[in-house]
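Engineer: Given chain A, put chain B in place with the hints provided.
There are 2 protein chains.
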Amino acid sequence: MKRFQDESFRNSMKIRVDFNNMMEGFVSNGINPAEIEANEVLYAEAAASMVSKRGNMKWRELPFNQSKIVAEINAKVAGIRESCEYFVVLGIGGSALGPIAVHQALCHLRYNELPREKRNGPKLFVEDNVDPERMASLLEVIDLKNTIFNVITKSGSTSETMAQLLLVTDALKKEVGDDWAKHIVATTDHNKGNLIKIAREFDMDTFYVPDGVGGRFSELCPVGLLAAAVCGIDIEELLAGAAYMDKLCENPDIWHNPAYMMAALQMLAVDRGCNINVMMPYADSLKYMADWFAQLWAESLGKAVDNDGNEVYAGQTPVKALGVTDQHSQVQLYTEGPFDKVVTFLAVDNYRSTVTIPHGYDHIPDVAFLGGHTFNKLIQSEQFATEYAIRKSGHMSCTVTLPEVNPFTVGQLLCLFELMTAYAGELLNINAFDQPGVEEGKNATYALLGKPGYDAKKAELDAAPQKQDRYII
Amino acid sequence: MKRFQDESFRNSMKIRVDFNNMMEGFVSNGINPAEIEANEVLYAEAAASMVSKRGNMKWRELPFNQSKIVAEINAKVAGIRESCEYFVVLGIGGSALGPIAVHQALCHLRYNELPREKRNGPKLFVEDNVDPERMASLLEVIDLKNTIFNVITKSGSTSETMAQLLLVTDALKKEVGDDWAKHIVATTDHNKGNLIKIAREFDMDTFYVPDGVGGRFSELCPVGLLAAAVCGIDIEELLAGAAYMDKLCENPDIWHNPAYMMAALQMLAVDRGCNINVMMPYADSLKYMADWFAQLWAESLGKAVDNDGNEVYAGQTPVKALGVTDQHSQVQLYTEGPFDKVVTFLAVDNYRSTVTIPHGYDHIPDVAFLGGHTFNKLIQSEQFATEYAIRKSGHMSCTVTLPEVNPFTVGQLLCLFELMTAYAGELLNINAFDQPGVEEGKNATYALLGKPGYDAKKAELDAAPQKQDRYII
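Residue numbers (this note's numbering), protein chains in the order written: chain A, 1098 to 1570; chain B, 1098 to 1570.
Hints are supplied without guarantee of correctness; some may be wrong.
Intra- or inter-copy, both count: the list cannot distinguish identical chains.
[Stated by the list, open to error] List of simulated lysine-lysine pairs, DSSO-like, C-alpha gap at most 27 Å: (1) K1271 <-> K1215; (2) K1539 <-> K1489; (3) K1548 <-> K1294; (4) K1555 <-> K1489; (5) K1548 <-> K1099; (6) K1548 <-> K1344; (7) K1564 <-> K1173; (8) K1271 <-> K1111; (9) K1489 <-> K1474; (10) K1289 <-> K1564; (11) K1539 <-> K1344; (12) K1242 <-> K1099; (13) K1289 <-> K1489; (14) K1489 <-> K1270; (15) K1271 <-> K1099; (16) K1554 <-> K1279; (17) K1539 <-> K1165; (18) K1564 <-> K1215.
These are computed hints drawn from the structure, not numbers from a lab.
Bound-form chain A, shown alone (with noise of 0.2 Å):
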């Protein structure tokens, strides 16, 4: 039996939402809970459209219906993880946001500097840009010969992991000759695109991402869980801690639904003219996950019109920071800035490793106090005193607190942050689904590449008012 499968396991691996220092009564420019139930129409109506609008919401069934595909990933991944040397992700955007945040969050914190023997599996590089500079050093550091390569792209239209593809794919048929293509591992729809094509040409392994499960919310498909089991992941615990959230995220009443109840908090600070969104965990393995979360949060709700066509240019700036890192370097500005922003903290109750500060220089006592503690102890205080000075400072701040940094609760967090995003898309009455943003750039990309059909663009480009030498120092 997996742990998982234990009640008591689950209660006590719960995540908890923590937003007292949101409300009145902790900050100056609190939160009243009556603004809350003042709007609860506006509540109970996005929390019944997110009922209506789940069966075109693929990505929340993810923790329920891959049993046959973690199955699959199981036992691809058993030979990987025993013959290969170097497993490198080849995507961009979700496709990499993912498997970096679960990656870090649940293997050695040092990993790719492991000994074979202790990691058990391939070194994982997930390569998410096209710096020339990077992708001649890649090449340098991976034995082609002990490498696989998962190229991820749904569309198999994407101009930077199709480069890569098409790098990697020369260098594998001079290294490796003919069985060039055993050593690529494909990730993309299961129907249309390029990739899909390539894959069934040359015979590759393939994987698919599922209809209507967009790039920012795939990391529970494929698309993130063959890297988490090529290193050592338990996928299902994984999976678990999601549908034990997502269940938990059912209930109708705000007041119980942590997911909602962050994103109506969020709306309401934006009110309050808070426009960035600080996300700070207290550990090293979380690191990752408020990089997945900014691209989340920022491409889901950034959105000039919202659903009836009008100009609304919503959206909340995600900010990635480090406890107790950053403490040194934006707490100053935090504590005494504009009141703009809004921090949450990801706490952790019990670190995977318990290390004393050892006692000495015992006749320094600016420095021996802190022998006999624990390096726990340090970052929880550390923890604790931020979220003090940040309130007493009068600035908003939540936490959400993991029991332990494992695959149960971070599942939990990944669906946790999912449903606030799609809960603040129908507070705001926008298509959180979509990033039509993102084409004016990848045009003109075209354009400049000289790509066929994309001569007007290019046109257009040539056309736009020319840079003045003054403007240039």
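Structural biologist: Only chain B this time, still in chain A's reference frame:
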């Protein structure tokens, strides 16, 4: 002769600031040159302050007054590069962000992954957090016998760094015995604080943080230079680049002073509601420049009161992004979201590698059109296209271009941003060199850890409003 002594090298490596896309005629709510002219007196006064206060800005002299220290560092690191396998920086804030940024910019992008003979120096770890899982994982991947720790804290009272020092002192004593102090290099004040006492008592190698050089302005003193030199970076050229930019930025005419103009434009943008400052390098090598700048800008300008005691709650919030990666994460928000941000692109003319996208999959035109281009052309086209898309949607941006990423241009960049920040401080009439807002959290941490003398703070914490259960879900 070093190449930076050649004037034609210096001129060819001058970095450029292009602010066309902040100006009227380029963006809808752009800045009119007349606005800049209207502020002539203000800008001239701030420029005069930069001259009159130069004696207090000791960090400005670092490019000019360290030839002896550079020689000492280079002599010291020769042995370290040859014999030591791991060089671990223990520091936080400016003691970490500078070393990380310069290492990422100027060393191989996968430096730690390279075999020893290609690195020609030890692996580098910069430990700027006290997460117990991270501390435990560090001790798992290094070999203490072949490790040098560079402990950096000017005050000698930074809890995080001193806790780390206690940990490694104890571990070294157990592993290498009496020689333990030979594995520690202290970088601290030459006179004040606990670390210098410890360093002298145990005869550790020591480098000094000069008087008047605060953490976030310390990269070009031994705080940053030692780790850089250990990794084979030409620190003389780095300083020469900074000296070159310092000279350029002595020009009192804002139209010819890139630091002053950038600061003035950002302040005009703040007046238009742009409380967010995004830095988006189009180069993996410059990724952590955005982190370094984030501290510089946030901690320097995030101030509750001005020099006359008025409550101002100043400070633009820095946001870190990476091109092209974040086109698939943040650009949707940047183009369609609120008009609340300025994007500063960091661009590169010549990357240090040229990588061709090979031809392939010729029967699929939507993939094949990429073949024959270079990754260089791809990333530069995307930078151009993103700048275009952001401008077209009416949002402001500027672009700082490095002809190449090398020590000379990185030195310029560091100096440019430092001067821009100091000048912005003058425009805001605030103290850009203190960080009073950090004290509250520090003191609360001391109280929680039972440091002698913090009983009153502990009592204050205990008397804080009790959290309410209904605000925890």
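Engineer: Run every hint past the structure and note whether it holds.
Structural biologist: We went through each hint and held it up to the structure:
1. K1271 <-> K1215: Answer is between: at 24 Å across copies they meet the 27 Å cutoff, but 32 Å inside does not.
2. K1539 <-> K1489: Result: close only across copies, 14 Å inter versus 45 Å intra.
3. K1548 <-> K1294: within (20 Å within a copy, 66 Å between copies)
4. K1555 <-> K1489: Only across copies: K1555 and K1489 sit 15 Å apart there, 54 Å inside one copy, limit 27 Å.
5. K1548 <-> K1099: Answer is neither: 52 Å inside a copy and 44 Å across each miss the 27 Å cutoff.
6. K1548 <-> K1344: neither (47 Å within a copy, 45 Å between copies)
7. K1564 <-> K1173: Cα proximity of K1564 and K1173: none, with 54 Å in one copy and 48 Å across.
8. K1271 <-> K1111: Neither, since 51 Å and 40 Å both go past 27 Å.
9. K1489 <-> K1474: within (22 Å within a copy, 50 Å between copies)
10. K1289 <-> K1564: Intra 41 Å, inter 52 Å, cutoff 27 Å: neither.
11. K1539 <-> K1344: neither (38 Å within a copy, 40 Å between copies)
12. K1242 <-> K1099: neither (36 Å within a copy, 42 Å between copies)
13. K1289 <-> K1489: neither (54 Å within a copy, 31 Å between copies)
14. K1489 <-> K1270: neither (62 Å within a copy, 42 Å between copies)
15. K1271 <-> K1099: neither (45 Å within a copy, 40 Å between copies)
16. K1554 <-> K1279: So K1554 and K1279 fail the 27 Å test inside a copy (39 Å) and across (63 Å) alike.
17. K1539 <-> K1165: neither (36 Å within a copy, 51 Å between copies)
18. K1564 <-> K1215: neither (56 Å within a copy, 43 Å between copies)
The structure fails hints 5, 6, 7, 8, 10, 11, 12, 13, 14, 15, 16, 17, 18 (numbered hints given earlier, in ascending order).
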